[in-house]
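Asks: Residue numbers (our numbering), protein chains in the order written: chain A, 1 to 627; chain Y, 1001 to 1627.
The reader is advised that the hints may include incorrect statements.
Claimed, not checked - Which stretches of chain Y does chain A cover? Using the computed rule of at least three CB atoms under 8 Å from a CB of chain A, they are:
1) 1195 to 1201
2) 1211 to 1219
3) 1235 to 1246
4) 1478 to 1485
5) 1489 to 1501
6) 1534 to 1548
Said to hold, decoys possible - Calculated Cβ distances over 10 Å to all of chain Y for the following chain A residues:
7) Ala38
8) Pro40
9) Pro62
10) Gly180
11) Gly217
12) Asp219
13) Gly340
14) Thr417
15) Thr422
16) Ala542
17) Ala552
18) Gly579
19) Arg622
By construction, these hints were calculated from the structure, which means they are not laboratory data. We put the CB at the ideal spot given by N, CA and C, even for glycine.
Number of protein chains: 2
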Amino acid sequence: MRRSIATVSLSGTLEEKLHAAAAAGFDGVEIFENDLVASPLPPREIRALADDLGLGIDLYQPFRDFEGVDDDLLEANLRRAEAKFALMLELGVDTLLVCSTTAQAASGDDARAAAHLHRLAETAAPYGVRIAYEALAWGRHVNDYQHSWRIVADADHPSLGVCLDSFHILSRRSDPAGIGDIPGEKIFYLQLADAPYMAMDLLQWSRHYRCFPGQGGFDLTAFTRHVLAAGYTGPLSLEVFNDVFRAADPHRTAADALRSLSVLEDALSREHQPGVTAGPQRPAVTLTRLPEPAHPAGYAFVEVAARPSTATWVRTVLAGLGFAHTRDHRSKPVELWAHGHTRILLSSTDPRLGHTWSDDTAVTALGVEVADPDRAAQRAEHLLAPALPRRRDPAETRLNAVAAPDGTALFFCPAPTDREETWLADFTAAPVHTPTHGGATPLTGIDHVGLFQPFDHFDEAALFYRSVLGLAPAESLELAAPDGLVRSRALTGPGGGPRIALSVSVLGRGAQADAAGGAQHIALACDDIFAAAQALREGGLAPLTIPDNYYADLAARTDLPPALRERMRADGVLYDRAGSGEFFHFYTPLLDSRLFFEVVQRTGGYDGYGAANTPVRMAAHRAEHTQ
Amino acid sequence: MRRSIATVSLSGTLEEKLHAAAAAGFDGVEIFENDLVASPLPPREIRALADDLGLGIDLYQPFRDFEGVDDDLLEANLRRAEAKFALMLELGVDTLLVCSTTAQAASGDDARAAAHLHRLAETAAPYGVRIAYEALAWGRHVNDYQHSWRIVADADHPSLGVCLDSFHILSRRSDPAGIGDIPGEKIFYLQLADAPYMAMDLLQWSRHYRCFPGQGGFDLTAFTRHVLAAGYTGPLSLEVFNDVFRAADPHRTAADALRSLSVLEDALSREHQPGVTAGPQRPAVTLTRLPEPAHPAGYAFVEVAARPSTATWVRTVLAGLGFAHTRDHRSKPVELWAHGHTRILLSSTDPRLGHTWSDDTAVTALGVEVADPDRAAQRAEHLLAPALPRRRDPAETRLNAVAAPDGTALFFCPAPTDREETWLADFTAAPVHTPTHGGATPLTGIDHVGLFQPFDHFDEAALFYRSVLGLAPAESLELAAPDGLVRSRALTGPGGGPRIALSVSVLGRGAQADAAGGAQHIALACDDIFAAAQALREGGLAPLTIPDNYYADLAARTDLPPALRERMRADGVLYDRAGSGEFFHFYTPLLDSRLFFEVVQRTGGYDGYGAANTPVRMAAHRAEHTQ
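Bound-form chain A, shown alone:
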């Protein structure tokens, strides 16, 4: 299907928006009037630029407060419309979005509104312009798509149809099934926007918090299915008012936007069965089909970069938790630390040896085990994930990798088999095994990886992991850290697979993004939290100290036995409970303000991350940092 984006969804000047939309691969744009009014380019030059960029102009919008007025104002409104029709001729755009009126003085008489819209369509026809009438969710009289359709049907003019906008329909929790009652050829335009569910004024929600499909809480697959089933064949067009996107790099935003439509089309292509729902008049639409999602079974490895002065600390943590330095990469300064099938790569950022992706301590790469690495890479490529080049000698394994929005490398690794080591063959036995402390520790794998995101790329990151790996995002949470609010959102593979916890500073303020809140972490799973804490301690590193006040509060609000609480206190173990599930977890201190480890034990099907304890952890990291 044709893919479009409204210029209001992107930051910058109109010219910059058009370049960004074209670069991402959109077929067309909706021109938002304010962008045109503020542009120094005359309409004909805007059209020429769009032509040069291979973009159609699919819609001009919005035209407001037209219908239901008195006769004098109707004539003035028709003159106002004619000026826009003339402009549209120059722009080469044939559809005008007309929003249902919000004027206090407007009449609520449907027949009058229909008569006015008929006049408007009649006036538009000679210009070759079509009128797409949209029910704003906060329209004065018309705020529901079925109401707008009744008026359009009554007005009965070939140049008049409806515009459907998923936000206006789903924000009011209207049932989209009724879309099937509208003839496809009378749906003149389709605007798509997702949004997180929020209890707030519809207008404010719409103007500030819309996001791209797959980033919010609406079921846009079901919604769009209804529209296609009605026979709509026009563009899938994104109209997203979002405070962050308005201030972010438009090229990044446009790629994020196109990715959202690819995932939507892919999901629809897997469901859409034209034979079942098609009527005789149904035209064919072609939906983009992507390679299957990777659905990784788990982490093949997590790679950490550290400077030589801090790598020692990472080795102490790993050895303490029972990892052994078993291998070294053949050609790069990368150590492989293993604990059973759990693997952490430690890459040196020693400038003498050449650094990797970061100059600083950080989680730099995630390796996920997938059944078909080539297919996973192809899907990622279709989703505009930048492929990462690998400098390697010819004997090394080819591993597909792409860059996540925050620059983390995502590697698609085949699972090692009994006969074949795959990528592990690039690592040779380490000359000296670092001895592990504490013997066999109770680690069972990597529970999750926590990645603090750049402010502008939080929603983009959630969609990236969702679409590339097929992970399912949970609801966003807000946490009150000592230096400001932090937003957090976890993604999990259906039926297991890797867990990723994304977080971001709600205001993107410097102090917070730099301090404890902004750190990344690796959480290791275990089946005996106290044995793990003891092993770490015996290895020479004490778990992060949690204030006694936390345990006093825990005593007040839970019935945990005093002996257990005392043991938790001694080891800095925190606690959460949900239903019959329990969660015990401790942290290491913070390295370089950038990296820490967590060890977690889940029981009884606990499926969270102990988010309520995060502010306590952040304060404890901050306290040690400022000591």
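Using the hints, position chain Y against chain A.
Replies: Relative to chain A, chain Y alone:
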């Protein structure tokens, strides 16, 4: 009266919050439980620290979901409460805030709630603890202060009273007059918070958008008057959940907070007539009384700093608009440019000559004409405005100046009289008068000054100008600039006086705060916009070019005569209308991405700032900037 602040209102660790509250001059704090739980300080050390800092601990909060539960849970809740009473003994705090329950399972039976609260008070009494029961605006059954008071009255225990919170009452638009029905001694605590009026979920509104009294839309003077009339004598305590304050410097926030209470008390002290409303039991409360607000008549001057390479441009603008360089400061590299009684100071930031407050091009100082400069300075000092030292030779006039939140210097100037030049005497005749171009231009004064604010200090700045100068703030507006949203708020003196338009990047992102959105400006008033534009042009500088598309849109949506529109287009004049008032205005290009001038003409009582045109102006500045 005693002044307190809840620790949740400030950023940082508990220790940092206590230090900030004490440094600003608060008498006490409310300790928010999460701050204590995350603190490494044992309760006795927290108390000792507060003692050392001269702070009382006036409230411990919150205790949630206590009442209306089944019998088993009641016993568990009482045990939970006893743990907190023991903690409170160590902290030395005698009042516990208990919020009305939000639990789904809680009973809505008032008698049961009263019985439970009686049990709680009975349990608290031996610890010397009082229970202050608060109706949360989103409480499950109790969400109104009159309801909470009925339950407290029924429970009838000397250790049980109510806590009143202005947000919970005014957000629901409850009438605070009923507070008079509560005996003053049963109002155990008073929490004050303002908020901008927003159409959103009460909980989200409360958790993110509270602000200090005078920064939002609530009438806290009237509210507090009711509480004092009831006979309340406890602390005025600020409990403000605000995303920005959570991430800002706590010392700045605490000073801002205390300033808000000073203004509130001052306003009350001017109204409070104990003789009229006092009952026999009324105890005396002492309200802080400040010197009268300055109520400036207008601007004495606006000072602009420019580097030598850019000062030439400023001179071109000023000369073009009819200003003459009439004088130079005796001891500093400052030129006085005058047009009648309108004065702009141009200070050189040439490092060879010593720079002033900024190293860059900027509006650095505002001089306002006040009847009593000493009184104005005393008021500012009481409001914690940092006094600015003046390096001067002994012969110079002493001018009182304070620093506004963004660092702009605010000078309190006496009006020159026929007999005395006052501060103007520090300026001597310039050796060479720069000739003005265009002869007599139609300027009538300074219309307003536009100051782009640092992200963290927008609300603080509005309260600063409101409290120090007695200006009245208008509602905040949001504008969609090319690089993101901008929030804008104007302040005007009652009955004239200087106008100040504050603005801020809604997300505080770098690109926007640095580019056109972030600039400061001086708007000059005139009575003939076209004559002013022509004068500027003849002086060698063309007004900022506004796109033809803007005028095409203006033609479509207004009935302005074509000849007038064409003249506006030729001079880059923009237009706004409100009622019978009209606004014509043009801009200069942008200097150094930091400074521009505007010329405005108001007719028919127009009282706005043409805000709808601001995005067009920003795009035009941005376009010239990137050419």
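Asks: Work down the list of hints and note, for each, if the structure agrees.
Replies: Hint by hint, here is what the structure shows:
no., hint, verdict
1, 1195 to 1201, "holds (count 4)"
2, 1211 to 1219, "violated (count 0)"
3, 1235 to 1246, "holds (count 3)"
4, 1478 to 1485, "holds (count 5)"
5, 1489 to 1501, "violated (count 0)"
6, 1534 to 1548, "holds (count 3)"
7, Ala38, "violated (4 Å)"
8, Pro40, "violated (5 Å)"
9, Pro62, "holds (13 Å)"
10, Gly180, "holds (33 Å)"
11, Gly217, "holds (15 Å)"
12, Asp219, "holds (22 Å)"
13, Gly340, "holds (35 Å)"
14, Thr417, "holds (48 Å)"
15, Thr422, "holds (43 Å)"
16, Ala542, "holds (14 Å)"
17, Ala552, "violated (7 Å)"
18, Gly579, "holds (15 Å)"
19, Arg622, "violated (7 Å)"
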